[in-house]
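Asks: Sequence:
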Amino acid sequence: MRLIECVPNFSEGRRTEVIDAIAAAITSADVYLLDYSADPDHNRCVFTF
Numbered sequence: 025m026r027l028i029e030c031v032p033n034f035s036e037g038r039r040t041e042v043i044d045a046i047a048a049a050i051t052s053a054d055v056y057l058l059d060y061s062a063d064p065d066h067n068r069c070v071f072t073f
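With this note's numbering as the guide, the letters of the sequence shown map in order to residues 25 to 73.
For the record, the hints were derived by calculation from the structure and aren't laboratory data.
Predicted model only: the values in this text are computed from it and were never measured.
Each hint can be trusted.
Derived DEER-like restraints, expressed as beta-carbon distance ranges:
#, residue 1, residue 2, range
1, Met25, Asp63, 28 to 36 angstroms
2, Glu36, Tyr56, 17 to 25 angstroms
3, Asn67, Arg26, 30 to 38 angstroms
4, Cys30, Pro64, 16 to 24 angstroms
5, Asp59, Met25, 19 to 27 angstroms
6, Asp65, Arg26, 34 to 42 angstroms
The C-beta atom is built at its ideal place from N, Cα and C for all residues, glycine as well.
Build the full structure now, drawing on both the sequences and the hints.
Replies: This is the structure we're talking about:
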């Protein structure tokens, strides 16, 4: 099995509904969401999948 790691950075770190929607979109395609973090001070979030 081949593995590819993706670690995108999104310009949203405050609105939890947007962060949750991004996580839902990632996991809807048989993808494993490994971790994510949000920083409201810098309004950024990073997902690892």
